[in-house]
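We have chain S; now place chains U and B onto it with these hints.
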Amino acid sequence: MIISKRIRRAASAVVAAAATTALLAACAAGTASAPSSSDSAPVEGGDLTFLIQGYDAGWVSSKTSISSYEGNLWGEITDKLIYVDEQGTLSPWIATSWEELNGATEFVLHLKEGVTFSDGSPLDAAAVVDNINIWAKGDPDRGISKVGLFPSGNFDRAEATDSSTVHVFFTSPALSFIPTLAYHGTILLSPATLALSIDDQADLAKQIGSGPFTVKSFTQGDSYVLEKRPDYDWGPEAIGHTGAAYLDTITYKVIKDTSVRTSTVASGQADVAYNVEPQEIESLTDQGFVVDTPRYLGFTDGFQVDTSVAPTNELAVRQAIQHGIDRQDIVDTVYTDKWDVATSFLQGNVPEAGDYSELLSYDPDKSEELLDEAGWVLGSDGYRSKDGTTLEFTVTPNPYVPSTQAEDELIAQQLKRIGIKVNLNVVDVSGYAAVLAAHPPLFQTSRSFVDVGTVAGILTSQNKGEDWFKTGTSDQKLNDLANGIATASDRDSRQALVDDLQQYVLEQGYSIPTVELVQRLYLLSPKVKGVTFNGLAYANFATAWIAP
Amino acid sequence: MSRSYGRYALLRAAQAVIVILLAYVGTFLVISVLPGDPITNMLRDPQNGLTDDEIQQVVAHYGLDKPVVIQLILSLGRFVTGDLGFSLQSNLPVSQLLGDALPSTLTLAGTALLLSVAIAVVIAYGVQYLPSRWARGVLRSVPSLFLSVPNFVVGLILIEIFAFRLHAFTTIDPDSAAATLFAALTLAIPVSAPLAEVLIANLDHESRQEYALVARSRGLSQARLFARHLVKPSMLPAVAMIALIVGELLGGAVITETIFGRDGLGTVVQKAVTSQDVPVLQAVVSLAAVVFVTVNLLADLVSPLLDPRLDATSRRKATRERDATSERKLEVPA
Amino acid sequence: MTSLTGLVAPTERIRAAGRSAVRVPPTVAIAAVVIVIVLLWSLVPWLFTSYDPSVGDTAEKLTAPSGAHWFGTDHLGRDVFARVVYGTASSVTSALVAVSIGLVVGSVIGLASGFLRGAVDVVLGRVVDVLLAIPSFLLAVVIVSSLGFQTINAAIATGVSAIAIFARLMRAEVLRARGSVFVEASYLQGGNRLHALLGHVLPNTYKSVVALAVLQFGTSILVIASLAFLGYGDPPPASDWGLLVASGKSYATAPWLIYAPALVIVITVLSVNRISTWLRRTQ
Numbered sequence: 001m002i003i004s005k006r007i008r009r010a011a012s013a014v015v016a017a018a019a020t021t022a023l024l025a026a027c028a029a030g031t032a033s034a035p036s037s038s039d040s041a042p043v044e045g046g047d048l049t050f051l052i053q054g055y056d057a058g059w060v061s062s063k064t065s066i067s068s069y070e071g072n073l074w075g076e077i078t079d080k081l082i083y084v085d086e087q088g089t090l091s092p093w094i095a096t097s098w099e100e101l102n103g104a105t106e107f108v109l110h111l112k113e114g115v116t117f118s119d120g121s122p123l124d125a126a127a128v129v130d131n132i133n134i135w136a137k138g139d140p141d142r143g144i145s146k147v148g149l150f151p152s153g154n155f156d157r158a159e160a161t162d163s164s165t166v167h168v169f170f171t172s173p174a175l176s177f178i179p180t181l182a183y184h185g186t187i188l189l190s191p192a193t194l195a196l197s198i199d200d201q202a203d204l205a206k207q208i209g210s211g212p213f214t215v216k217s218f219t220q221g222d223s224y225v226l227e228k229r230p231d232y233d234w235g236p237e238a239i240g241h242t243g244a245a246y247l248d249t250i251t252y253k254v255i256k257d258t259s260v261r262t263s264t265v266a267s268g269q270a271d272v273a274y275n276v277e278p279q280e281i282e283s284l285t286d287q288g289f290v291v292d293t294p295r296y297l298g299f300t301d302g303f304q305v306d307t308s309v310a311p312t313n314e315l316a317v318r319q320a321i322q323h324g325i326d327r328q329d330i331v332d333t334v335y336t337d338k339w340d341v342a343t344s345f346l347q348g349n350v351p352e353a354g355d356y357s358e359l360l361s362y363d364p365d366k367s368e369e370l371l372d373e374a375g376w377v378l379g380s381d382g383y384r385s386k387d388g389t390t391l392e393f394t395v396t397p398n399p400y401v402p403s404t405q406a407e408d409e410l411i412a413q414q415l416k417r418i419g420i421k422v423n424l425n426v427v428d429v430s431g432y433a434a435v436l437a438a439h440p441p442l443f444q445t446s447r448s449f450v451d452v453g454t455v456a457g458i459l460t461s462q463n464k465g466e467d468w469f470k471t472g473t474s475d476q477k478l479n480d481l482a483n484g485i486a487t488a489s490d491r492d493s494r495q496a497l498v499d500d501l502q503q504y505v506l507e508q509g510y511s512i513p514t515v516e517l518v519q520r521l522y523l524l525s526p527k528v529k530g531v532t533f534n535g536l537a538y539a540n541f542a543t544a545w546i547a548p
Numbered sequence: 001m002s003r004s005y006g007r008y009a010l011l012r013a014a015q016a017v018i019v020i021l022l023a024y025v026g027t028f029l030v031i032s033v034l035p036g037d038p039i040t041n042m043l044r045d046p047q048n049g050l051t052d053d054e055i056q057q058v059v060a061h062y063g064l065d066k067p068v069v070i071q072l073i074l075s076l077g078r079f080v081t082g083d084l085g086f087s088l089q090s091n092l093p094v095s096q097l098l099g100d101a102l103p104s105t106l107t108l109a110g111t112a113l114l115l116s117v118a119i120a121v122v123i124a125y126g127v128q129y130l131p132s133r134w135a136r137g138v139l140r141s142v143p144s145l146f147l148s149v150p151n152f153v154v155g156l157i158l159i160e161i162f163a164f165r166l167h168a169f170t171t172i173d174p175d176s177a178a179a180t181l182f183a184a185l186t187l188a189i190p191v192s193a194p195l196a197e198v199l200i201a202n203l204d205h206e207s208r209q210e211y212a213l214v215a216r217s218r219g220l221s222q223a224r225l226f227a228r229h230l231v232k233p234s235m236l237p238a239v240a241m242i243a244l245i246v247g248e249l250l251g252g253a254v255i256t257e258t259i260f261g262r263d264g265l266g267t268v269v270q271k272a273v274t275s276q277d278v279p280v281l282q283a284v285v286s287l288a289a290v291v292f293v294t295v296n297l298l299a300d301l302v303s304p305l306l307d308p309r310l311d312a313t314s315r316r317k318a319t320r321e322r323d324a325t326s327e328r329k330l331e332v333p334a
Numbered sequence: 001m002t003s004l005t006g007l008v009a010p011t012e013r014i015r016a017a018g019r020s021a022v023r024v025p026p027t028v029a030i031a032a033v034v035i036v037i038v039l040l041w042s043l044v045p046w047l048f049t050s051y052d053p054s055v056g057d058t059a060e061k062l063t064a065p066s067g068a069h070w071f072g073t074d075h076l077g078r079d080v081f082a083r084v085v086y087g088t089a090s091s092v093t094s095a096l097v098a099v100s101i102g103l104v105v106g107s108v109i110g111l112a113s114g115f116l117r118g119a120v121d122v123v124l125g126r127v128v129d130v131l132l133a134i135p136s137f138l139l140a141v142v143i144v145s146s147l148g149f150q151t152i153n154a155a156i157a158t159g160v161s162a163i164a165i166f167a168r169l170m171r172a173e174v175l176r177a178r179g180s181v182f183v184e185a186s187y188l189q190g191g192n193r194l195h196a197l198l199g200h201v202l203p204n205t206y207k208s209v210v211a212l213a214v215l216q217f218g219t220s221i222l223v224i225a226s227l228a229f230l231g232y233g234d235p236p237p238a239s240d241w242g243l244l245v246a247s248g249k250s251y252a253t254a255p256w257l258i259y260a261p262a263l264v265i266v267i268t269v270l271s272v273n274r275i276s277t278w279l280r281r282t283q
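Top to bottom, those sequences are chains S, U and B. Take 1 as the starting number for the first sequence in the numbering used here and just add one per residue. Take 1 as the starting number for the second sequence in the numbering used here and just add one per residue. Take 1 as the starting number for the third sequence in the numbering used here and just add one per residue.
Simulated from the structure, these hints should not be mistaken for laboratory data. There are no misleading hints in this set.
Sample of chain S residues lacking proximity to chain U, with all beta carbon distances greater than 10 Å (derived):
1. E159
2. S164
3. E227
4. E369
5. E392
6. K421
Part of the chain B face toward chain U, derived, beta carbon under 10 Å:
7. R126
8. I143
9. S145
10. I221
11. S226
12. Y232
13. A246
14. K249
15. P255
16. A262
17. S271
18. R274
Every residue gets a Cβ at the ideal spot worked out from N, C-alpha and C, and that includes glycine.
The shape of chain S in the complex, shown without the other chains:
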């Protein structure tokens, strides 16, 4: 038996829990008002109203993949095996410890004892095995799909060796298995819930988790009232409070319109609003409100480039776009100083991310030069063309990040200066996936992950990969990097490959990052204290209270 570095990492995280919590609290409070969230003792009781865009995707947890909106509610009614903090550090939660065996092909999870789902059934090894099976395989007969990021390609089986131990087998190394257990898609549900038909699973009332809150009542699509579980005693130590929540209830109220959500909290009629307009933040903080902009681990805001279609099948065009975007202007205009320009396509808090800002410099002269050399001639209408074809493409703002519409409008303005015509196509969350299916030259992506190893799964078409850049298997260097990262058995060699990858992908213009993504913005009334945020940028309200 080899005990992995990862476990040692986790153990040290637990020891450092108190310190981490203080740090998190400081982060959570945002800017100068850091101590405000921890300067008073928690107050028991209170009802929190949380305004959110919508819950349109339904509650079949595996079918819809958990969206940025549903994820907020799921996170309060369910637990996960492992916790991940904003720095990407894993720490125990329902799994008190874990072992990695046989070159990361087998894993043993040791579970906390005495944990129960809200229907009274035990969260034991058998329940965890049921969950892992659904994450890995789904149930096509019932129309239930697997969890996207789960390493299911090489998943073999999961077994309960006793009531608190689970043994998981893979056919090849699966370094990303353990981190994925902290992902917001891998939530633990009661076996009774997992056994329901897909139509029954659509009913939130039948979703039984083990989290600090339970569903008290709801009106589908309108409001959802959660109440605390008084006997909850198994929260992650990393957030500094493992017991029952302080708040009595959380009411998630759907208000679709961003400005209405903002104004409602600003006028004192609600406590928290999700996703406010970034440009309104300054006037809100001036009024004493707190706006938290947690960052998740994952890809930055930006575009994945389809190299199989015109005009982005040309290297010169891709590079021209890369240098034709003024990222600082985006931050200054669309966002605030709480945002940072991207320096890679990986978020800065991903441990393996590097600083490649030189490859992403704003240099319109260079862009124009590249396009001139490639034969794209500037026409009288201000746009370039070659052989009668105008240099143009359509981008679709990412509907999960409302501010991307303004961002893409600005990018269209910037690229117009170098003679590229950018059209916008605005769709709702439900139409977004169809956009990708139509092979757009640039596709705006937001994706969180816990482990950089999962990046290997998007680079090429090998091993059922997502093939973001549509190179298939034609780019040998990309193939090698993807394989190397996927099969790496230690982190140091993987780090070197990830460095190479970032350099190569940016140079080739396969990925065009823009800014560090803040997908989840929380506008908090000054009365709301103690909110913590996990590594996927979701708020934990188990630690929060409302100041009297």
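What follows is chains U and B alone, placed relative to chain S:
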């Protein structure tokens, strides 16, 4: 008399059923042109990481791989038996979604109807009796102004002033009495305008009639004259507009409910449109057609019984020729 | 609002009958000037502003109305007045497209069923019934969602939802004209149906149809603005008036982003309605 009325009633009812069924088929055909479908869209979401084969399995599970005609026949069959199917987006029964949304929309539309009548009467009264000629002129142009302001602008202004500035209602609880009143006001304003115009025009006409002059000469107070002799006869053409008004209220609910964040049929439509939730869209449109056709049918069935001028023999002729004479009422439908 | 307003026409006409000479009231003159300006905005927008509607100066974002920017600037520093002016083309032109569709298709249906009667009338009558049975805005929403979210599709949807009104009016006018002495006479004298149609029916109907068309033009501007507001028109950087209001409401600190385009919509539609009313009264 009763036999010929029975025949007439039966004929009209059959006609109504045909229109409803045609509306259903028409809507189905329009909607099935929609590109893509929400299930595949959701499954194609890269976060799901599914292969095409896996997607195909789920699509087959929902019957979305069958030809359009088969889908239409199946869907029409279910509709006739009262089964509206399941929402593709939320997996809930459509009848449940509509049932949940209906009370909110009925409250909103009902309040808006009352408000619009009240507004129209006040305007009409003012136009007749305000002492200042100038004020009467201004009031006379109010309906035209009401018809020129987009619904969404009215809603935004009311929310900004009464919710955020004056705290007269809260956007969190859009179903509260106060919030409902303001939402209904938004909806009532454009609807009240044509009502007011009809009232004004009829009042102009009636007040020149002999009986009004006689009543006035007898010293009947202005308000009583207005209420008893002028409004009552003027209400008849206004009542004839009820089916159209109901339609307008349902259409206007899409915008009003979206702006006020109410969960009614309008919001259901809006969500169904953006997510291409075909069964829901189909059901709402059919429901609207059923409501409209039923209200019209009732009006048609009741009016010959009430209107003494229509005797048994002339009734069918009257129905047949109504369209010919309806240029007086332009587009009041049969 | 689409179908209700026409109801007023008859009584207005009664009132108008009492007057004799046609004179242009000052409000109608003002309304006409507004319409002319708006039409010029849609034809030659560059004569009215030197700013580019789609490219702004980001350093000047969200500035209040001033001498340099009459309607202020938006979140990307674009001149809102320029966006309104350049947005006129699609806001107003598409309303014209909508009216044309309703007018042409509706008139053909109405003429056919009024003139041919019999089975044609029954079939077309049911089609019109179906179109009328669905609230016009709901119908427009469903059609535009089926065709795709573009302003031209919104215009088509608005036009289709107006077909029934024109069809009904035209049919009623044809029936009325048919019954008139002229047509009876021309028919008895051996004139054919088409001749009667062209010679007597159409000239007698155009006035009421024109009045309805103008009214429907104002309504269409509102319907298309509403569809654009809901996001069913062209995406940004297009600047349809309804879309301008919709995107402006995200910025509570910049109320001019809502009020400027809203005011333009109101004034335009008010002017159209004023002219429509005047047309009806002078018939």
